[in-house]
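Undergrad: Each chain, written out:
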Amino acid sequence: MISLLLNSNEYLDMTKQFYNNGGSNLPSYAQGTGLPKYIYVNPTVNTDVTFGAGSSVANTVDLSKYDRYSNPIMETSSGTDWWAAATRRAMIQDHSFSVSGGTENLTYAVGAGILRQEGILKYNEFNRYNVRANTMIKVSNKFRIGENFNFAYRTDVNNPAQSEQGTISAIYKSSPLAPIYDIGTSVGSDGERDSFGGTKSADLGNSTNPLARLYRGRQNVNQGMNILGNLYAEFDVISGLTLKTDFKVDMGSGYSRAFSYRTPENQEGQGAQNFREDWGTGSTWTWTNTAAYKTTLSERHSIGALIGYEALSGKGRNIGGTLNDYFTVSENAWYLNTGFGDATSRNVFSGGGENKLLSTFGKVDYTLDDKYFLSATIRRDGSSRFAPANRYAVFPAVSAGWRISGENFMKDNSVINDLKLRASWGKTGNENIPGYNYVDRWGGSIASAFYDINGTNSSSVTGYWQTGIGNPNTKWEVGVNTNVGLDASLLDDKLSVVVDVYKRVTSDLLYNAQLPGTLGIASVPFSNIAQMTNTGIDLGLGYKGKVNKDISYNIDLNLSHYKNVIDKTDGVTDFFYPNSQQGRIDNRLPIEFNINQVGESISSFRGYVVEGIYGTGTTAEELAKVEIGSAKVGGLKFKDIDGDGKITEKDATIIGNPHPDLTGGLNLGVSIKNLDISAFFVGSLGNEIFNYVKAFTHFRQFNSNVDREYYLNNGTGGSPKLNINDTASRLASTYYVEDGSYLRLGQLQIGYNIPMSATNKAGMKNLKVYVQGQNLFTITGYSGLDPALSNANIGDGNNLNDLWTGYDLGQYPTNKLITVGVSAEF
Amino acid sequence: MKIFNKYTFGAILAFVSIYFISCGDSFLDTPLQNAITSDILAERQAGVDASLISTYKMLNGFTNTVGNPWGAAPSNYFYNAAADDTHKGSEPSDNPDGYYEIGIYQWSSNLKAFRDKFINLYEGVARANKTIILSDILVGKDATTKAANDVVKAEAKFLRAWYHFEAYKMWKNIPYYTEEDVKNNESRKPNNVDAIPLIIADLDAAIAGLPANKTAVGRSDKTVAQALKGKVLLYKGDFTGAKAALDIVVNSGKYSLTPCYFDNFNVATDNSSESVFALQAAVKDGDGDGASGNYLERLAAPHSGSHTGCCGFNNPTQDLANAYQVDANGLPLANWNSSKITVGSTTPVDPRIDWVMGRTGVPYLDWGVHSNGWIRGNGWAGFYSPKKNMKLTTDVGGASWNTNQVHSKNVNFIRYADVLLMLAEAEVEAGSLERARELVNLVRKRAGGCAQGPVEGPVAVAINNPKITWAKYSVGEYTATWSSKDAARDAVRRERRLELATEGHRIFDLRRWGVLKPTIEAFRTYEKGQINGALDAVGPVEAKHNVFPLPFVEVGLSAGALKQNEGF
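Chains as they are written, first to last, in the working numbering: chain B, 2 to 827; chain X, 786 to 1353.
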């Protein structure tokens, strides 16, 4: 865990091990007997300072020369706990109310809610406000109209990113020797101290002060509003035949702004104050028209049919700008007008696009004796995202069901109350790719295409380049699903069982895999690159019991297992990589450690296989066989997969995947008179996590701080020795791959319903108070912050984040949450 | 019951008619947004010209589309860390994209830098090829544009040769892409064809089509193409051909050495009489991040304590510093590492040393005196800061990260001194030792033209200026005939190192001279004792190191077309 990083003395000792084990000279701050008094003094302002002299440094420092920007002075910290400095206990308020009612010809429901949520990282908050209204009016016996309306507004302040440059990463990268503040006392606009200290001293890496990042981001806001509404009309033409038209609109706008401050406390400090803001709007309408017919031919036969069509049209537009070198940090001047910064640095950009879908569909249902069910569906979908020749695809589906319990031989079965067998087969489509994928796209920007051909030093001539490669052959991805299921209800409906066994073959998988670099840097198109198969089984068990009239309980268990395998690719290569990994993750390992290969699971981890440690007797010849880095005694020994006697790039192989063997949820509930207790457990078994964070917390990329557990045990129990000159051990390998299995108490709630006699006096129908705890504990062997990973935010908004499942790049951990609540009904 | 009345009929009619209104095939047509097609560009000369401009742009190595591809920096300073002039620098584990591994000969084909270089060079090739295609389309539509487009195509071919040659320098075995490959969607060509004749063919076509003189200072012309051709032939070992091409450049009379060495590294004198071909850098051109400036070069700047504030890479070596020692006649020493050169020493040094590297105690251009605090890793990678790529206080900087890091100083690709020294190499091999000596002396004479000035200015002064207290400068010409071809060759090569230090040539020169292994081994023997750690983890220098490994991923994605270089 992050809170288990090193303090200053441990850090100093760790540094010594790190350098001494490699046979290298110590960095300046570690050369004295103890720690120097000052960790940073600008040597060009003060006379040249040698930190190695330890505390004597203080004698040569003239504190009167301190200047926040040109000459910061930082005292060595006795051990900054950056985790404690950057986090807090946070408060969440969630209020909502709703009113519903109506008459025979008019029903309505209106509601509103307010959510105010502080983040556990300081200066981070999320607020959401929403109102909604639903009404339905019965105009006549045959004609109904209705509407649903929802408005939401949210603000998100200082939302942390999950990346090497994120705040969580800054916490584990920052040295405990760096102080939170320098010796200055200046304050920011809100009166809080802002003379931050940091990693400016040599050999302390490039981390940034996590608290400073958060504080400076306190006015960086991302806000948006969204309106979702539909209006519909239903008309019963004749008995059983209903025409329905539904028009839905989903529109929203979003705004964000971010100001970046000068960071004189950083090793790689930013020297200018820059600002960026973005605004965008988008709307989608969907018009659905259906005709449904339902009739019962006789007691035994019931038939339903539906035909319909649907058109969807979405459009979006955004504009943004940057301006650098702001004259002031004042929020009141955070505008893009050139006077506030360096006029020549202003960059304005905009974008936009549209997408459309057109579908026709039909469905027939047939039921015989309420025991035999048949259903068939066919739909033809068209998408604007494909070239005209590939726009349309047809997706049929059929399903059948047999209620066995309806048969005579089961009629009087006292154990089985209901039993149904289901089977289905069907095709579905996926067209979720960016628009205009099918066409070559050209564009230009100063940064990507302009050139100062006239040698003016300040004026670049317009250039155009092909920004995107089109693929006119890309077509719908098709999933063929086959499913057999069983629903059963037993023991007086106390026990319910749902079992599903399925196979899903996804052909023409849409993927923007990397193409050969000989094509340059134009963005690669989505193509139908592979076929993959998921086979799985889902099991649901539920039991409701009653001890006596006051005590009842329920148990619900869900289990899922699936296997994912890539069956084939387009045939050029038998593997493909996610697009542009290079550039998205700072490549510190360095290898393509996410691969999709025939016969393996999608998004598998790739790297070397650790088979031991190079022991003390290892010869120089043995170490020299490692050609991918400088192997050292005490370092990790990788397996020679191809058997050529050397460790080369060819020895990298698939070393794990994020797909679990089993996932599940367990719901337990007990009700004792007015008291409800419920607990929800969630878990995953057999999934693996690629713990990229170890590149820092074990291998000290960028002189990072170190995981305490690893520091205490390095060189034993299969862990590599701290060694500055071991450049092999840190490469992507099974050392990074950990079992991500976990069991978490997702929720525990204790509620008390105030007795009716008391509530009625207050005019309330129902009043409940409850205490709820979320994520109270997690049982896991995973060494990172949180085994329940959200997807790494590496994608560029093309909905491809799922291809980066299972990579921990500095996860923002799930919060432990205690809620006290009241819910009242009048 | 009457099943249909007029309302139900109307409802059904409406239902059906809506279908035909909304579901026409044209509904799904969504015109391309926020981009244009090549057809539109090919309608006018301006479109074709703009495509050519974007081809020049790739000389910069940076576009803002794929992160920071540091390894694609135009001066090749990443790769030059494998030579004896510079260390990676910074702190031990501050290692962007494999820069450290390059310097210590642990060249995994997985290093990100290799792939960044590869992709960005082939982006240049792709832009050249697409420009040619657009040009042909326009001429097909409008024959009156033929003359203009012949020049466009000649420039595109020059650039295509340029980018391929940069790739050749890196990997030797490279695939060669033309406009026909673009038309055929070819992206997996084998690398088993010698690229040199193809490069020469493109250069000959360029020479035929280019104007005699540049129409804009950043463009190429016949002479520029000849200079590149001479260089390519030198790499091939065709000294006769190289001499012929380089003679054309020299005899053109268009170029001359600037009076002061520093003029080549000064924003104010960009595109001087000595500049043959250079990256035209610009800042404050509307891009706030300085993407048109020396964007990828900026890691190679002094660190925190200095005016740039970051990042402390590319530190010159002690070995290089010592190489600037001269004897009583102002001539370089054959055995330069016999003594360590220090600031304030009375041992005479070539004044170029203080234009090449920032030494503590010596003024650093007009930024005051260089101090140890400007070095990031406390001697881990040496004691000197890079200097040739720094702006003056008075030069305009980019606004983004740190104002003083990004600026508009051009990156010299081919300058006249380089041409003279390449020609000298060819003359030596042709046996014209006296002509070679004459050429080298031109360069040496100019080296004595100026020296780093004192803190109070000016930046450049005469080498005997009394205010110079940190060194005794001296530089002399070779007055005696060289005794042998070997002696001449040594003198020319030594001069090339001193004159072009840290400009990205050294690693490639050592390789083509076939002296990489002995040079690097001798360098390490000395340098390891001087610095504090940067060479602790070096791997052995082997024959395979005469080329870099092709990027692992590219070999894989080529589906067998690219064959990895021997030994990797």
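A portion of the hints provided could be inaccurate.
[Said to hold, decoys possible] Within a straight-line C-alpha distance of at most 30 Å, the following computed DSBU-like cross-link-like pairs (lysine-lysine) qualify: (1) Lys17(B) <-> Lys1348(X); (2) Lys1313(X) <-> Lys647(B); (3) Lys722(B) <-> Lys1313(X); (4) Lys651(B) <-> Lys968(X); (5) Lys968(X) <-> Lys569(B); (6) Lys1302(X) <-> Lys647(B); (7) Lys640(B) <-> Lys968(X); (8) Lys974(X) <-> Lys647(B); (9) Lys1329(X) <-> Lys640(B); (10) Lys1329(X) <-> Lys316(B); (11) Lys139(B) <-> Lys17(B); (12) Lys974(X) <-> Lys412(B); (13) Lys968(X) <-> Lys626(B).
[What the hints assert, rightly or not] Residues from chain B shown here face chain X by an in silico Cβ test under 7 Å; the list is partial: (14) Asp95; (15) Ser99; (16) Gly102; (17) Gly353; (18) Ala448; (19) Asn455; (20) Pro517; (21) Thr574; (22) Ser631.
For the record, the hints were derived by calculation from the structure and aren't laboratory data. Computed from a predicted model, the values in this text were never measured in an experiment. Glycine included, each C-beta is placed from N, C-alpha and C at the ideal position.
Undergrad: Of all the hints numbered above, which does this structure not satisfy? Sort the numbers upward.
TA: 1, 4, 7, 10, 11, 12, 13, 14, 15, 16
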